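Asker: Respectively, the protein sequence lines represent chains V and C. Residue numbering for the first sequence is 1 to 294, as defined by the working numbering. Residue numbering for the second sequence is 1 to 313, as defined by the working numbering.
Hints are computed from structural coordinates only; laboratory data are not their basis. Computed from a prediction, not measured in an experiment: that's the story for all the values here. Treat the hints with care, since some could be wrong.
[Said to hold, decoys possible] Just a few of them, taken from the derived set where beta-carbon distance is under 8 angstroms, the chain C residues facing chain V:
id: 1; residue: R63
id: 2; residue: G174
id: 3; residue: R295
All C-beta atoms in this analysis are idealised placements derived from N, C-alpha and C, irrespective of residue type, glycine included.
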Amino acid sequence: MSFDNAYESLLGHEDAHWAFGTGFSEALSGVDREFPAGVDREALAAYCLMLGDDALICSQRIAEWCSRAPELEEDIALANIALDLLGQARMLLTRAGEVLGKTEDELAYLRDEREFRNVHLAEIDCGPGPGGDFGTTIARLLVFSSWRLALFSRLRGSADPVLAAIAEKGLKELAYHRDHAAQWTVRLGDGTDESHRRMQAGLERVWPFVDELFATHEVEARLSGVAVDPASLRSEVDGVLAAVLDAAGLTRPADTKAARVAGMAGRDGVHTEVMGYLLAEMQHLHRSMPGAVW
Amino acid sequence: MADDLELRFERTVQAEARIEPRDWMPDGYRKTLIRQIAQHAHSEIIGMQPEGNWISRAPSLRRKAILLAKVQDEAGHGLYLYSATETLGADREDLTTKLIEGRQKYSSIFNYPTLTFADVGVIGWLVDGAAICNQVPLCRTSYGPYARAMIRICKEESFHQRQGYELLMTMMRGTQQQRDMVQDSVNRWWWPALMMFGPPDDESPNTAQSMAWRIKRDTNDELRQKFVNMSVPQAEALGVTFPDPELKWNEERGQYDFGTPDWDEFWQVVKGGGVCNAQRVAHRRKAHEDGAWVREAAVAHAAKQAVTKEGAA
Chain V
1 MSFDNAYESL
11 LGHEDAHWAF
21 GTGFSEALSG
31 VDREFPAGVD
41 REALAAYCLM
51 LGDDALICSQ
61 RIAEWCSRAP
71 ELEEDIALAN
81 IALDLLGQAR
91 MLLTRAGEVL
101 GKTEDELAYL
111 RDEREFRNVH
121 LAEIDCGPGP
131 GGDFGTTIAR
141 LLVFSSWRLA
151 LFSRLRGSAD
161 PVLAAIAEKG
171 LKELAYHRDH
181 AAQWTVRLGD
191 GTDESHRRMQ
201 AGLERVWPFV
211 DELFATHEVE
221 ARLSGVAVDP
231 ASLRSEVDGV
241 LAAVLDAAGL
251 TRPADTKAAR
261 VAGMAGRDGV
271 HTEVMGYLLA
281 EMQHLHRSMP
291 GAVW
Chain C
1 MADDLELRFE
11 RTVQAEARIE
21 PRDWMPDGYR
31 KTLIRQIAQH
41 AHSEIIGMQP
51 EGNWISRAPS
61 LRRKAILLAK
71 VQDEAGHGLY
81 LYSATETLGA
91 DREDLTTKLI
101 EGRQKYSSIF
111 NYPTLTFADV
121 GVIGWLVDGA
131 AICNQVPLCR
141 TSYGPYARAM
151 IRICKEESFH
161 QRQGYELLMT
171 MMRGTQQQRD
181 MVQDSVNRWW
191 WPALMMFGPP
201 DDESPNTAQS
211 MAWRIKRDTN
221 DELRQKFVNM
231 SVPQAEALGV
241 TFPDPELKWN
251 EERGQYDFGT
261 PDWDEFWQVV
271 KGGGVCNAQR
281 VAHRRKAHED
291 GAWVREAAVA
301 HAAKQAVTKE
311 GAA
């Protein structure tokens, strides 16, 4: 590049100069986007929204750390994780939109709270807000990424070629997220009395939301061969978490489960009270300027 | 002996060769560099806040990803630059303490508030643009690690600038409300962007020595003029105007004439009176203090690991 005129390339259109992490269509180029014969499309769209909303809402939460992390290296790492999840969300919402006739942005910005299908673990405030701290954030990330990694690992065999490709791409990312969370869990569990106490408190905070991750939803039951039954992931994820907690000298919290609401939870669009505020912040600008292009 | 070293240093600098960390250098050169690079690093880190202010509210998922990646890059730039100061014997923790105690400065532009999403685009276009004009010459600065860090930073900054400009182009093709939003943002950022080049040359006390040492390559006024010349055609292509009635092409000079920034406002903001000075520093201080237990834990864990390894050996 020329160092003499910073504006030289501004009016050009060579896409090679765009920053890392903003595109996503290339990742799936060449993947057959036809719906497999016999698949229940409505259920497929709902399933893509479930996995997409998990990533979108968790990314929104993790991005809250931006400029607030304990160390610059960690600011970069958390932004990276938020970006990976945002990328996964975009691919999944786009796939749902192919059935529903909507764009990723229409799905992200114009659905109401009751239409979001993410698990509660993704939406709860684990810090830097008053709901937690770095230890709680790591506890959530450890559970979320261990679960999602196991899920994506099986989703590679999905009868939907797009879901299979998204899983294949996401697998490497999630392995890094889990590794990052596991390393911090060990550091904090082992480090000082204070870090041990905070890490243990973080686990206690997120543990009630673990059970929901493994509850089979009716949509998943309808998508045999396309979706992964989360109940089948439990022993694998439990094993991973046990190994990390053991290395960190931490105690697995007692199995308390957050109660459902009239039998419903996140997958049914029934959320915790923080979700409305999260969406109000995320959606307000898009909604307040209808017809605008971004 | 000392004279020989000094002579060699002077010759190296005058020959446009690089000074490397283990080379002898005058104390003043070392101090000036640490101050300048630290101020630049602090600017990157504080600069994460005004744009980070819009990540949660970005109006499309693509823009959210671009913005998050950009703010992440700024953390990366801060890291390279703190590392460059460490080659001069400075310490990141110490520099951070100086920042949060208000003993070292950062670019005053970040004390202005980001009030609409158009500000994200205008910061990319004008603020990053002005920063690039300031920084491109530093890719040839005399201190090797700084020059190399600046090459990488300038490349990334130019992506950011392009993305900012592209956002504005998109908004200008949108609704009237969006076009008004862009113009309003340009009106608020144009003069502060011009102030980023620093006070006029006759009021810039450090310029002469820094130029002799090849730490600085152009004067503030030269860079400011260059920035104006480059920005006017960009504004025309975009369809916005700059809020300066004196701005016009001067055939004789082959440059644009332009008005005088409000230097009273500049000094007021530099001295702490801007809308966001206290907020920016308090935010950085809180992040640093809230993270202390995490950093202590990482150190304690590493120390325990080292003992375990030693025991096993």
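Asker: The structure should be examined with respect to each hint, and the outcome stated for every one.
Answerer: Outcome of the hint check:
At its closest, the beta carbon of R63 of chain C sits 5 angstroms from a beta carbon of chain V; the interface hint therefore holds under the 8 angstroms criterion. A least Cβ separation of about 4 angstroms between G174 of chain C and chain V falls short of the 8 angstroms threshold, and the interface hint therefore holds. Hint status for R295 of chain C: holds, given a least beta-carbon distance of 6 angstroms to chain V, under 8 angstroms.
Consistency with the previously given hints is maintained throughout, with no hint failing.
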